[in-house]
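Guided by the hints, dock chain B onto chain A, whose structure is given.
There are 2 protein chains.
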Amino acid sequence: MINRFDFSISATDGAARRGTLKTAHGDIRTPAFMPVGTAATVKGMTPEAVRETGADILLGNTYHLMLRPGSERVKKLGGLHKFMNWERPILTDSGGFQVMSLNELRKIDENGVIFKSHIDGKRFELTPERSMQIQNDLDATITMAFDECTPYPATEEVAASSMRRSMRWAERSRYAYERRDGYGLFGIVQGSTFEELRLESVSALTDICFDGYAIGGLAVGEGQEEMFRTLEFTTPALPTDKPRYLMGVGKPDDLVGGVMRGIDMFDCVLPTRSGRNAQVFTRFGTVNIRNARHAEDQRPLDERCGCPACRHYSRGYLHHLFKAKEMLGSMLLTWHNLHYYQEIMAAMREAIENGRLADFALDFYAAQEQGDIEPA
Amino acid sequence: MINRFDFSISATDGAARRGTLKTAHGDIRTPAFMPVGTAATVKGMTPEAVRETGADILLGNTYHLMLRPGSERVKKLGGLHKFMNWERPILTDSGGFQVMSLNELRKIDENGVIFKSHIDGKRFELTPERSMQIQNDLDATITMAFDECTPYPATEEVAASSMRRSMRWAERSRYAYERRDGYGLFGIVQGSTFEELRLESVSALTDICFDGYAIGGLAVGEGQEEMFRTLEFTTPALPTDKPRYLMGVGKPDDLVGGVMRGIDMFDCVLPTRSGRNAQVFTRFGTVNIRNARHAEDQRPLDERCGCPACRHYSRGYLHHLFKAKEMLGSMLLTWHNLHYYQEIMAAMREAIENGRLADFALDFYAAQEQGDIEPA
Chain A
1 MINRFDFSIS ATDGAARRGT LKTAHGDIRT PAFMPVGTAA TVKGMTPEAV RETGADILLG
61 NTYHLMLRPG SERVKKLGGL HKFMNWERPI LTDSGGFQVM SLNELRKIDE NGVIFKSHID
121 GKRFELTPER SMQIQNDLDA TITMAFDECT PYPATEEVAA SSMRRSMRWA ERSRYAYERR
181 DGYGLFGIVQ GSTFEELRLE SVSALTDICF DGYAIGGLAV GEGQEEMFRT LEFTTPALPT
241 DKPRYLMGVG KPDDLVGGVM RGIDMFDCVL PTRSGRNAQV FTRFGTVNIR NARHAEDQRP
301 LDERCGCPAC RHYSRGYLHH LFKAKEMLGS MLLTWHNLHY YQEIMAAMRE AIENGRLADF
361 ALDFYAAQEQ GDIEPA
Chain B
1 MINRFDFSIS ATDGAARRGT LKTAHGDIRT PAFMPVGTAA TVKGMTPEAV RETGADILLG
61 NTYHLMLRPG SERVKKLGGL HKFMNWERPI LTDSGGFQVM SLNELRKIDE NGVIFKSHID
121 GKRFELTPER SMQIQNDLDA TITMAFDECT PYPATEEVAA SSMRRSMRWA ERSRYAYERR
181 DGYGLFGIVQ GSTFEELRLE SVSALTDICF DGYAIGGLAV GEGQEEMFRT LEFTTPALPT
241 DKPRYLMGVG KPDDLVGGVM RGIDMFDCVL PTRSGRNAQV FTRFGTVNIR NARHAEDQRP
301 LDERCGCPAC RHYSRGYLHH LFKAKEMLGS MLLTWHNLHY YQEIMAAMRE AIENGRLADF
361 ALDFYAAQEQ GDIEPA
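The listed protein sequences derive, respectively, from chains A and B.
When the count follows my numbering, it moves up by one through the first sequence with no breaks and lands on 376 for the last residue.
When the count follows my numbering, it moves up by one through the second sequence with no breaks and lands on 376 for the last residue.
Just chain A, same shape as in the assembly (with noise of 0.2 Å):
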């Protein structure tokens, strides 16, 4: 009986490291791409489909549950695993980041947030002792850190000061959080894209020691190319034992990059809501499916796709679907759009094993630069 929350690395390539992580909930391959189930589902999938486009793990929301339907009715309901029937790992982020960004009425001090919730206005507190009880009775398999998102841009000085109160709520998280076999704790770096900044951070979390460590503050408007000069001074300072995810990240690119720069875990709406917006990922960049040109494509979205929106139908029905406003077009997209990701990370994880992720890269890029093709 292995149930301890444990992190293995089987190969490395470069910075990219391919890795396990044992938990109470079953096995997590890294890199892993986490979907994102915000109020216990992912938008227009089962859990069955989620799984089949090869997701280990899954994301859901804290801000979210608590408000609706209430972290004490999960935990009645047998927890958020049983509620949603998704067996395997969960991750919940710690409701920091969208009680700054979905509220306008907030009051933030020391001791935590106070927030009128966006669905009926009633009052919540929010601290790193609270959400950590709300994790708890979520019953996630990987809690994370109670943190203040610090908004970008931000003078050094706001930054510091941002990042260190997280620091000091990482702290009040670690001591509250109560420790259970096979599930896990992690905490998030902050100090924006500053690297001395970063670099006081990770050296606060490791002094308190989680399971995991996560990138917070990223993916907030200061572009990809700002994002990577960030990770390259931060991860080399992280523990290399111990899983590191890089929080709200990202587009296809995005996670190739995040990889090569040692990251091990992702989360990001991306490819459910574009999926729901009629927007799709693929080999050759992405495709919006409203456009009139595939009104009559006979062609699916991508040949050597082994997905069912890929398998079963044309541009053309997908195409209708939209126009039609018909439910089974978000669904179907949504499933392009995970499994494209899931099929990304496989890849990665493939290359990474055979050293071969510089030639994984190369082709990836060369292949999204192609575009998509006119049918002939």
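Keep in mind that the hints were calculated from the coordinates and are not lab data.
Predicted model only: the values in this text are computed from it and were never measured.
Some clues are possibly wrong.
As the list claims (entries may be wrong) - Straight-line alpha carbon distances no greater than 30 Å define the calculated DSBU-like cross-link-like pairs of lysine-lysine that follow:
1) B:K116 to A:K323
2) A:K325 to A:K251
3) B:K116 to A:K325
4) B:K323 to A:K75
5) B:K325 to A:K107
6) B:K325 to A:K76
7) B:K76 to A:K325
To be verified - Covered, in the sense of this in silico footprint (three residues per stretch, anywhere, with C-beta under 8 Å from a C-beta of chain B), are these stretches of chain A:
8) 35-45
9) 78-86
10) 194-205
Note that the Cβ used here is the ideal one computed from N, Cα and C, for glycine as well.
What follows is chain B alone, placed relative to chain A:
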């Protein structure tokens, strides 16, 4: 190679019949319920899921498909079966009912109907000949004759005049219909709730000779009692060796009453539309999952139901999905309702085979009257 359009009856029980309709796209076990796939998709379901519920045949709406994406476009993309990834039989209605119910700006004369699209205001014409052409382009397994659905209530004079025009259109439909092996054309009996008119209509249609006979102009507000009374003098007049299809019906108890009065086929939007609106049909009557009493209920909708919604989720979770306006709520309840409808049909087919349909009906009504029970 049997590819004929052949209907055989293997058992009867009272007026009820257990049959098989062989078509170019596969067999239809009767009595059959046809889920409605208006715009080339059963809303919120993959075709694989529809098939898993036990459906042998779907219904497509000629009116919607002629407007969007257009029947010529469906033809270019391989026909409706290939277009929507449903290889099994498809029945298309004639378009007449929806032209008249969805359009205020329409002009009906002996030739047909001229109307403006509710999508873009473009002018369209629908005649018996055009309806046959469109249904042929769609590659419908079963084509419906073009008719006028007599409004309810109607005076005997209005009903007679409308029915007689439909009979002239039925003859033109028969003449324009292109016969193909394994494909069939159904005529539609009209005459409102007047016995003499219904019998005159049956007589006119059987003179023309169709591959099946539909009963139209019911479930339009006359109520179940009046509908059953109309069936009781109409179905006995129909040929025994052809399938009988009661259009646009109905609630679960309408299906049971219809089968007991000799009906072989049904279609209705009720299970799919209700599912999207949180209304569930169960052995114990209807349940609205939005009701607050379900919020912390750990029980499934129906413990004895084998659908994914009942096997994997609590009422509390389904309630949450509707409160949070999540697509998965509509998807799961649609699935449940279609599963339940097909379960009723399968149970009736088995009961007819065993000469136990009256017993089945008694049990069915008793359970429905018992109602959904609160948790202890």
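Out of the numbered hints, which ones does the structure contradict?
10
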